[in-house]
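**Q** What follows is each chain in one-letter form.
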Amino acid sequence: MTKTGAQILWECLEREGVKHVFGYPGGAILPAYDALKHSDIHHILVRHEQGATHMADGYARASGEVGVAVATSGPGATNMVTGIATAMLDSSPIVCITGQVGSKLIGSDAFQETDITGITLPITKHNYLVTHADQLARVLREAFYVARSGRPGPVLVDITKDAQQSSCEFNWEAARPQLPGYRPDLSPEETEYAQALELIHKAKRPLILAGHGIIVSGAMAEVLTLAEKAGIPVALTLLGLGAFPASHPLNLGMMGMHGEAWVNHAIQEADLLLALGMRFDDRVTGNLKTYAQDAKKIHIEIDPAEINKNVKVDVALVGDLREVLKELLPRVESVDHTEWLDSIDKLKGDSAVRDVQKLPDNGHLYAAHVINDLWRETRGSNTVVVTDVGQHQMWEAQYFKHEKARSLITSGGLGTMGFALPAAIGAKVARPEAEVWVIVGDGGFQMTMSELATIVQEKLKINIAIINNGFLGMVRQWQEFFYERNYEATPLLNPNFVKLAEAYGIRSMAVTERSQVLPSVRAARDHDGAVLLDFKVEQEDTVYPMVAAGASLNDMIRRPSPIVETAADE
Amino acid sequence: MLNIFVVYVENKPGVLTRVASLFRRRAFNIDSLTVGRTEKPEVSRMTITVDTNPDQAKRIEANLYNLVNVLLVENITHEPAIARDLAMIKVAATHEARSHVLELASVFRARVVDVAPESLTIEITGGEDKIDGLLEVLRPYGVVEMVRTGIVAMRRGTTSPSANPNQTKTPQVAADEGVSYSV
Ligand SMILES: Cc1cc2nc3c(=O)[nH]c(=O)nc-3n(C[C@H](O)[C@H](O)[C@H](O)COP(=O)(O)OP(=O)(O)OC[C@H]3O[C@@H](n4cnc5c(N)ncnc54)[C@H](O)[C@@H]3O)c2cc1C
Ligand SMILES: Cc1ncc(C[n+]2csc(CCOP(=O)(O)OP(=O)(O)O)c2C)c(N)n1
Ligand SMILES: [Mg+2]
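The listed protein sequences correspond, in order, to chains A and B. The first sequence maps to residues 1 to 570 in my numbering. The second sequence maps to residues 1001 to 1183 in my numbering.
Watch out, some of these pointers could steer you wrong.
When the alpha-carbon atoms are kept at most 27 Å apart in a straight line, the in silico DSSO-like pairs for lysine-lysine are as follows [said to hold, decoys possible]:
(1) B:K1058 to A:K309
(2) A:K289 to B:K1058
(3) B:K1058 to A:K312
(4) A:K404 to A:K461
(5) A:K461 to A:K401
Pulled from the structure, derived: some chain B residues nowhere near chain A, Cβ distances all over 12 Å [claimed, not checked]:
(6) L1002
(7) N1003
(8) K1090
(9) T1094
(10) G1150
(11) R1156
These are calculated hints, taken from the structure and not from any lab test. As the structure is a computational prediction, the values presented were derived from the model and not from experiment. Positions of the beta carbon are idealized from the N, C-alpha and C atoms, including for glycine.
This is chain A alone, in the form it adopts within the complex (with noise of 0.2 Å):
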């Protein structure tokens, strides 16, 4: 059947199970938002084209599959950037639609025309520029399968106008991904198995790192049943938060910059590390030379080339967590660690969390309070609460027990603030019936606070707290430990954030009181539409214990008056 190329996009999407697409419209794109009239797929017009990447990433995050974000040339292609880097240095899953001028202009500097296939080479798992209507096919069913399978990413799909425009013959069959070098689909060697095994077996310090590719690979249920036979603590990395349930007694809680120092000391102690999806970020680390000098180390990892990238290990198994672990676990035998692990509980005295949790109520509202009076509020429920970048975010972390996968949503690896509110929209499209909680700092909140509008304009229920500091907090709090408290650029002057939600038709409210967080989460709970709760908290407030840039992992910066108490306590 003959079709334009603006039809075949729709028609490959709709094909490749895509329900939602985020974007914005202009001139190079203008025919394929033509052509969306015959299709079923619902187009949410965003106001920044970095939104749509976000909600692009925050659908894949939640929901696992592909997330797509479409944009016109030049400014619209170039306004991506930030949401795909963000996309790729976390795993994600996007494919992002761009239209370029026509194919005869390319090279001309053409109005609105910019080399994004060029510019997004490196942040980009692969690109395409196409500039003829019968590839189109191929390509975009190659660009969903390079998303999503293997180590996923992001992928640009660069679409000439003339290509949209112009007509051919459609047969999706026949449009096969031709991809003769790319091998997502590893598996590790049947030695490689025994040597993990034996290094298993004879650990009397193992300890399970847990990262965000148990959650990519769906495979919570078998490190659960690793752990739990082998007798295995667990530690997570921030994007693995929710991999392993917060409750469970082997689940010790965050690693690494922010981690529980416990965690950490856990770490530097043990001598068996089993890596489960995690790529060992240097906030992760800290120091190299001196991290888990004492430990043995086993990665099971997709990605070949993160093996022995920062850590070297011992043993790799290089394959999909889960199929390398359905393999390994029927030969895993049951070992007692309990000298381990009260080892551990004793060090758990000290904590961090605690230190927080147990101040009186003295008047002053802290961030602490807040994001762990929201866990207790909604516990149980189906939440998934992204984070934006900052203090509150590694507060989120500590504070806020994760239960399940994907649960939450945050920038860990490139740290983008801005990302929380648009990818919080992405996760209710893909999640409708789940509870979406924004948890954003002043400063991030107003780099994408124009999408309050997409939230209006799509009627989504979505929950907004600002954790508002008046202050760029964690740069701040760099400046407090590292540059002699010289506050340069980090104090904020805010607006009203409760008007501006109000000009959005948006419920709004402030808090500044513990006694109010409660009533005003529950009130946020009980209206059926989107509601922006502004936490006026604490204004120079730390996150503790912190690992400086470069120290070594077991060597914290400490909150100055702890309090000590048992491992017994919540």
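Could you slot chain B with the ligands onto chain A? The hints should help.
**A** Quick look at chain B with the ligands alone, frame taken from chain A:
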């Protein structure tokens, strides 16, 4: 040490940019890179030399494989292999010097490919050491211009990766004028 990679890639526009961009982004320093056709029109072959250690060499290989258009990577540093560089050297050779230069060229089994009143152009093929050696002895006469191709390399013996189906799926790439993988 100098590692020699033979890299088979899909013969498509922009693939060289992808490979070069990868080396730049990961801060792997290319010593030389050559690219050309193979016995199959849809496949190009690169020889890339990089001064690096064994661990990083493995990472380079893994990162190359992560490029969708890369078909096969072989590190032949420790394999029996033939590595050749080609150089053209233009030497200032006036009447008196001419016979000396010709003699040196013949000692190195190099060929004279152009003769001008004031210069001779010599073509030499061989390992890098041999070419360096010739350059050394020609320098006193005055090297006016010089160009080297960089190393191309091939394993010894009859094995070829495209003959071994376990190592690579035989590339079936359609002629593909509508798609450029980068500009
Ligand atoms: C302000 C700030 C502070 C931070 N502080 C911390 C901190 O204290 N602690 C912390 O942990 N992080 C922290 N981070 C986040 C950190 O920068 C990294 O993003 C995070 O540690 C990465 O986690 P990860 O390795 O689990 O996930 P990713 O970076 O997403 O890596 C996932 C890994 O799993 C692999 N994988 C994917 N799919 C599969 C599969 N199917 N099978 C097997 N493997 C697979 C991938 O190849 C990849 O190597 C912070 C970030 C910010 C912005
Ligand atoms: C786009 C972007 N610009 C700059 C930074 C550097 N940065 C990291 S955290 C931070 C402060 C965030 O302030 P705010 O959003 O108010 O959150 P808080 O730390 O106060 O909770 C900044 C500026 C960044 N991560 N992203
Ligand atoms: Mg702030």
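**Q** Now look at each hint and say whether the structure bears it out.
**A** Against the structure, the hints come out as follows:
With a C-alpha separation of about 10 Å, the suggested pair K1058 of chain B and K309 of chain A falls inside the 27 Å cut-off, and the hint holds. With a C-alpha separation of about 21 Å, the suggested pair K289 of chain A and K1058 of chain B falls inside the 27 Å cut-off, and the hint holds. At roughly 12 Å between alpha-carbon atoms, K1058 of chain B and K312 of chain A fall within 27 Å of each other, so this suggested pair holds. Annotation: proposed proximity of K404 of chain A to K461 of chain A holds, straight-line Cα distance about 21 Å (limit 27 Å).
A C-alpha spacing of about 22 Å is found between K461 of chain A and K401 of chain A, which places the hinted pair at or below 27 Å, so the restraint holds. L1002 of chain B, annotated as away from the interface, keeps every beta carbon of chain A farther than 12 Å; the closest lies near 21 Å. In this structure N1003 of chain B is separated from chain A by more than 12 Å, as the shortest Cβ-Cβ distance comes to about 16 Å. Listed as outside the interface, K1090 of chain B is consistent with that label: its C-beta sits roughly 35 Å from the nearest C-beta of chain A, beyond the 12 Å cut-off.
Every Cβ of chain A is farther than 12 Å from the Cβ of T1094 of chain B; the closest lies at roughly 47 Å, confirming the non-interface assignment. Every beta carbon of chain A lies more than 12 Å from that of G1150 of chain B, the smallest distance being close to 23 Å; the non-interface claim holds. No Cβ of chain A approaches the Cβ of R1156 of chain B within 12 Å, the least distance being about 25 Å, so the stated non-interface status holds.
In this structure, every one of the numbered hints holds.
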